[in-house]
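Engineer: Residue-level listing of the chains:
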Amino acid sequence: DVKVTQSSRYLVKRTGEKVFLECVQDMDHENMFWYRQDPGLGLRLIYFSYDVKMKEKGDIPEGYSVSREKKERFSLILESASTNQTSMYLCASRPGQGRFRTEAFFGQGTRLTVV
Amino acid sequence: QQQVKQSPQSLIVQKGGISIINCAYENTAFDYFPWYQQFPGKGPALLIAIRPDVSEKKEGRFTISFNKSAKQFSLHIMDSQPGDSATYFCAASYRAGGTSYGKLTFGQGTILTVHP
Chain A
1 DVKVTQSSRY
11 LVKRTGEKVF
21 LECVQDMDHE
31 NMFWYRQDPG
41 LGLRLIYFSY
51 DVKMKEKGDI
61 PEGYSVSREK
71 KERFSLILES
81 ASTNQTSMYL
91 CASRPGQGRF
101 RTEAFFGQGT
111 RLTVV
Chain B
1001 QQQVKQSPQS
1011 LIVQKGGISI
1021 INCAYENTAF
1031 DYFPWYQQFP
1041 GKGPALLIAI
1051 RPDVSEKKEG
1061 RFTISFNKSA
1071 KQFSLHIMDS
1081 QPGDSATYFC
1091 AASYRAGGTS
1101 YGKLTFGQGT
1111 ILTVHP
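Each protein sequence line maps, in turn, to chains A and B. Heads up, the first sequence is in our numbering, so the first residue is 1 and it goes up one at a time. Heads up, the second sequence is in our numbering, so the first residue is 1001 and it goes up one at a time.
Just so you know, not all the hints are guaranteed correct.
Beyond 10 Å from chain B on every Cβ pair, some chain A residues (computed) [unchecked claim]:
no.	residue
1	Ser7
2	Leu11
3	Lys13
4	Thr15
5	Val24
6	Pro61
7	Glu62
8	Gly63
9	Ser75
10	Ser80
11	Val114
No farther apart than 35 Å at their CA atoms in a straight line, the calculated lysine-lysine pairs in the DSBU-like style are these [claimed, not checked]:
no.	chain 1	residue 1	chain 2	residue 2
12	B	Lys1042	B	Lys1015
13	B	Lys1005	A	Lys53
14	A	Lys3	B	Lys1058
15	A	Lys55	B	Lys1071
16	A	Lys71	B	Lys1103
17	B	Lys1042	B	Lys1005
Hints listed in this document are in silico derivations from the structure and should not be mistaken for laboratory results. Cβ coordinates follow ideal geometry from the N, Cα and C atoms, glycine included.
So that you can see chain A by itself, here it is in the shape it has in the complex (with noise of 0.2 Å):
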């Protein structure tokens, strides 16, 4: 079975502290994601990385940064936590490589809180 794994199920970081969300596949897979969800909103694709190294921006990259050093392992950095960070995030990863329309797996969610 495909696994992505988040590291963490619940954070609580205080405004203003740098957060780091570690995710890890183990599909050999060479696009991972980050997406936040909220309610109404869905999932909002923050970054994208289609290899080691290699990032796009998505649709809300503001306050965050990301670090993909080896291929089954994808970072995403809050910089300095805000209260509007507040949210649940989902790492995704799937193949790639020529490979399209195919299924993306999906770790089970950091409920991140900022206070």
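Position chain B relative to chain A; hints supplied.
Structural biologist: Same frame as chain A, but now just chain B:
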């Protein structure tokens, strides 16, 4: 800007009824349209998907209808069951070519409640 618009935001259906969720898109570069199902406390999981050269795809009680000229697609759940209660997301993906082809863009989600 939301490139995929989904409605309704919530839907209540009686057991045995038909649930219908609609999505619309603008970008003609999309060429793969999946639906994802999410239960509470879980990540979304693929339910069913369609390509734009097909007008309908059926898997069990779930059917996608696709209207390319209108740039709309919909999910129909026949004989809805309480176990279908979940959040449903439509999505769209770009055709191959360029780095963006792996990217998935989601709609706003529909919370479906099926009453027994």
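Engineer: Take the hints in turn and mark each one as holding or not.
Structural biologist: So, going through the hints one by one against the coordinates:
1. Its beta-carbon lying about 14 Å from the closest one in chain B, Ser7/A satisfies the requirement of being farther than 10 Å from that chain.
2. Here Leu11/A stays apart from chain B, with its beta-carbon at least about 16 Å from theirs, past the 10 Å limit.
3. Every beta carbon of chain B lies more than 10 Å from that of Lys13/A, the smallest distance being close to 21 Å; the non-interface claim holds.
4. Separation of Thr15/A from chain B is adequate, the least Cβ-Cβ distance of about 27 Å exceeding the 10 Å criterion.
5. Against the 10 Å criterion, Val24/A stays outside the reach of chain B, whose nearest CB is about 14 Å from its own CB.
6. The non-interface label for Pro61/A is consistent with chain B: the shortest C-beta to C-beta separation is roughly 13 Å, beyond 10 Å.
7. The beta carbon of Glu62/A sits about 14 Å from the closest Cβ of chain B, which is more than 10 Å, so the claim that it is off the interface holds.
8. Even its closest Cβ contact with chain B, about 18 Å, leaves Gly63/A beyond 10 Å, as expected for a residue assigned away from the interface.
9. Every CB of chain B lies more than 10 Å from the CB of Ser75/A, the least distance being 18 Å, so the non-interface label holds.
10. Residue placement check: Ser80/A keeps its beta carbon more than 10 Å from all beta carbons of chain B (closest about 25 Å).
11. Non-interface call for Val114/A relative to chain B: holds, since the shortest CB-CB distance, roughly 21 Å, exceeds 10 Å.
12. For the hint pairing Lys1042/B with Lys1015/B, the CA-to-CA distance comes to about 23 Å; that is within 35 Å, so the pair holds.
13. At roughly 32 Å between alpha-carbon atoms, Lys1005/B and Lys53/A fall within 35 Å of each other, so this suggested pair holds.
14. Proximity of Lys3/A to Lys1058/B is assessed by CA-CA distance (about 27 Å); at most 35 Å being required, the pair is judged to hold.
15. Restraint check: the Cα-Cα separation between Lys55/A and Lys1071/B comes to about 29 Å, which is no more than 35 Å; the hinted pair holds.
16. Simply put, Lys71/A and Lys1103/B have alpha-carbon atoms about 17 Å apart, close enough for the 35 Å limit, and the pair holds.
17. Straight-line distance between C-alpha atoms of Lys1042/B and Lys1005/B comes to about 23 Å, which keeps the hinted pair within the 35 Å bound.
Going down the numbered hints, you'll see the structure goes against none, and every one checks out.
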